[in-house]
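So the chains spell out like this:
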Amino acid sequence: MVKELYSNLDESQLVKASIEGDKNAFTQIVDRYQNMVARTVKGMLGDSVFAEDIGQEVFIKLYYSLSEFRGEAKLSTYIQKIAVNLTLNEIKRRKRFFSMFAQKGNAEMHEFEVADHDHETRNDAKELVNKALIGLEPKFRIILTMRMLQGYSTKETAEILNLPLGTVLSRLSRAQEQLRDILNKLS
Amino acid sequence: MKPIRIKELITESLSSEKDTSGIMSELEESGVNYSFGNGFRDKVIDKIYSASLTVHREVDMVKSMNTVFYRIALTGAAAIIIMLISIFLTEGSLSINSVFGLSDNYNESIVCMLTGN
Numbered sequence: 243m244v245k246e247l248y249s250n251l252d253e254s255q256l257v258k259a260s261i262e263g264d265k266n267a268f269t270q271i272v273d274r275y276q277n278m279v280a281r282t283v284k285g286m287l288g289d290s291v292f293a294e295d296i297g298q299e300v301f302i303k304l305y306y307s308l309s310e311f312r313g314e315a316k317l318s319t320y321i322q323k324i325a326v327n328l329t330l331n332e333i334k335r336r337k338r339f340f341s342m343f344a345q346k347g348n349a350e351m352h353e354f355e356v357a358d359h360d361h362e363t364r365n366d367a368k369e370l371v372n373k374a375l376i377g378l379e380p381k382f383r384i385i386l387t388m389r390m391l392q393g394y395s396t397k398e399t400a401e402i403l404n405l406p407l408g409t410v411l412s413r414l415s416r417a418q419e420q421l422r423d424i425l426n427k428l429s
Numbered sequence: 142m143k144p145i146r147i148k149e150l151i152t153e154s155l156s157s158e159k160d161t162s163g164i165m166s167e168l169e170e171s172g173v174n175y176s177f178g179n180g181f182r183d184k185v186i187d188k189i190y191s192a193s194l195t196v197h198r199e200v201d202m203v204k205s206m207n208t209v210f211y212r213i214a215l216t217g218a219a220a221i222i223i224m225l226i227s228i229f230l231t232e233g234s235l236s237i238n239s240v241f242g243l244s245d246n247y248n249e250s251i252v253c254m255l256t257g258n
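Residue numbers (my numbering), protein chains in the order written: chain A, 243 to 429; chain B, 142 to 258.
A couple of the hints might just be wrong.
[Unchecked claim] Simulated DEER-style distance windows between Cβ atoms:
hint : chain 1 : residue 1 : chain 2 : residue 2 : range
1    : A       : LYS303    : B       : LYS159    : 45 to 53 Å
2    : B       : LYS159    : A       : ALA315    : 18 to 26 Å
3    : B       : GLY217    : A       : ARG335    : 45 to 53 Å
4    : A       : ALA315    : B       : GLY217    : 26 to 34 Å
5    : A       : ASN250    : B       : THR216    : 54 to 62 Å
6    : B       : GLU167    : A       : ARG274    : 17 to 25 Å
7    : A       : ARG274    : B       : GLY217    : 23 to 31 Å
8    : A       : ASN277    : B       : THR208    : 43 to 51 Å
9    : A       : LYS303    : B       : THR216    : 39 to 47 Å
10   : B       : ARG198    : A       : LYS303    : 35 to 43 Å
Source of the hints: derived by calculation from the structure; they are not laboratory data.
We put the beta carbon where it would ideally sit given N, CA and C, even for glycine.
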């Protein structure tokens, strides 16, 4: 009954109620957007517990920054930006870690990411998608994630990634070249 | 869905002219889906609301400490003022000697007082 009541509220009402401390309202926000966040985080980091931790962090960060949300953009865009930032930060953190402590640096990081993407993969289609994603450099992978897994237009992708449209377009064409090589190797 | 179709969908995603809004649903039909494990929502809610309870308790404690501090400081200040007034009334001045109660004592009487003779 309560759940039904909250599922009928629009995002501005849910945000307002959450700021006022309504736990059910924020639960509804998590319910509504968790799959969207999962697609971004797991698409970028793989199907692992690390991705789940980042997913939790996205909603915790959202909760503490809700009062800064002015409603000029959609809530989904706001959440997506948080997810992208935290995911890219995690990739940077991993890169720093592997460059400091691993002998082979980036190669070991790549092996680690491949292992994460292979985790729990029981489906050929998903395996293919994961291999295509992991083969791309993170700056191209995020664009493929936004386009393929979230269905955003190039303009929306540019807005979420906080990049000029021209940069997104050039990265799309460079990513296509990389992807062609990856897919050829997979066949 | 055949692997060749999956590859086509991946490649189409990177075409700037292509509307990609339907690609995910097509991929989902062939089992490509991303979701968090069971209990994800509960973990998030627990973390947020248990943390905010701790913060509230800490804030309450700091507030009560502030109140206690003000009460002690005000009581102390009032005691000092009352003591100074009583010294002024009994000694007629607020010199250091009168504050220490030495105004009526000569050096000899202090020696007598300290030695007990």
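How the hints compare with the structure:
Between LYS303/A and LYS159/B the Cβ separation comes to about 32 Å, which falls outside the hinted range of 45 to 53 Å. Under the hint 18 to 26 Å, the C-beta atoms of LYS159/B and ALA315/A, about 24 Å apart, fit the expected range. Checking the proposed 45 to 53 Å range against GLY217/B and ARG335/A shows it holds: the Cβ atoms sit about 52 Å from each other. Under the hint 26 to 34 Å, the C-beta atoms of ALA315/A and GLY217/B, about 55 Å apart, miss the expected range.
Look at ASN250/A against THR216/B: about 57 Å separates their beta carbons, and that is inside 54 to 62 Å. Separated by about 23 Å at the C-beta atoms, GLU167/B and ARG274/A satisfy the suggested range of 17 to 25 Å. Range check, ARG274/A to GLY217/B: Cβ separation about 56 Å, and the 23 to 31 Å hint is violated. At roughly 48 Å, the beta-carbon separation of ASN277/A and THR208/B lies within the given 43 to 51 Å, and the hint holds.
Here the CB-CB span from LYS303/A to THR216/B is close to 45 Å, well matched to the stated 39 to 47 Å. For ARG198/B and LYS303/A, the Cβ-Cβ distance of about 22 Å falls outside the hinted range of 35 to 43 Å, so the restraint is violated.
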